[in-house]
Amino acid sequence: MAGIDVSLKEMMAVDGAIGAAVVDYGSGMALGALGSSKDLDLQVAAAGNTEVVKAKMRTMDSLGLKDAIEDILITLGSQYHIIRPISGRGGKGLFLYLALDRNRGNLALARHQLRGVEEKLEV
Numbered sequence: 084m085a086g087i088d089v090s091l092k093e094m095m096a097v098d099g100a101i102g103a104a105v106v107d108y109g110s111g112m113a114l115g116a117l118g119s120s121k122d123l124d125l126q127v128a129a130a131g132n133t134e135v136v137k138a139k140m141r142t143m144d145s146l147g148l149k150d151a152i153e154d155i156l157i158t159l160g161s162q163y164h165i166i167r168p169i170s171g172r173g174g175k176g177l178f179l180y181l182a183l184d185r186n187r188g189n190l191a192l193a194r195h196q197l198r199g200v201e202e203k204l205e206v
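Those letters in the sequence shown? Residues 84 to 206, by this note's numbering.
Errors might be hidden in some of the hints.
As the list claims (entries may be wrong) - Have a look at the derived ranges for each label pair, beta carbon to beta carbon: (1) 146 to 85: 30 to 40 Å; (2) 120 to 149: 33 to 43 Å; (3) 147 to 98: 33 to 43 Å; (4) 92 to 145: 33 to 43 Å; (5) 120 to 147: 38 to 48 Å; (6) 151 to 121: 19 to 29 Å; (7) 95 to 127: 10 to 20 Å; (8) 161 to 95: 11 to 21 Å; (9) 189 to 149: 16 to 26 Å; (10) 156 to 126: 13 to 23 Å; (11) 143 to 111: 11 to 21 Å; (12) 115 to 146: 11 to 21 Å.
Claimed, not checked - Pairs of lysine to aspartate or glutamate residues, derived as EDC-like cross-links and limited to a Cα-Cα distance of at most 20 Å, are as follows: (13) 175 to 134; (14) 137 to 153; (15) 139 to 122; (16) 203 to 153; (17) 175 to 154; (18) 203 to 134; (19) 137 to 184; (20) 203 to 93; (21) 121 to 205; (22) 139 to 107; (23) 137 to 122; (24) 139 to 150.
Hints were generated in silico from the structure; no laboratory data involved.
Keep in mind the model is a prediction, meaning the values are calculated, not measured.
All C-beta atoms in this analysis are idealised placements derived from N, C-alpha and C, irrespective of residue type, glycine included.
Take the sequences, apply the hints, and build the full model.
Spelled out as structure tokens, the structure:
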């Protein structure tokens, strides 16, 4: 099992990672973040992506879908943003957020590595 700090370091070790956060989508607050820069404010990203997660959950509920979100991908011209709600016992109400440089990152590998981070995370 890994804590938030270790999990953030593992997320930042993903090829092309430019920012990572563990976010409480009840409050929109990042419980931890690494990699903020002038181009990527992780506190703003945490709050904004909270709205994305909540909207998708409301939509799934309205559609009567009895399934769980594995991840949400936002593709920009130069970046990938991956949002992965945590489904484990201790992580209910949290999500992992990873921003990748599109030219340096491998999306499939990043998704695979995030799954591993989620499995080991203990909050």
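Which hints from the list above does the structure break, by number from lowest to highest? 6, 9, 12, 15, 18, 19, 21, 23
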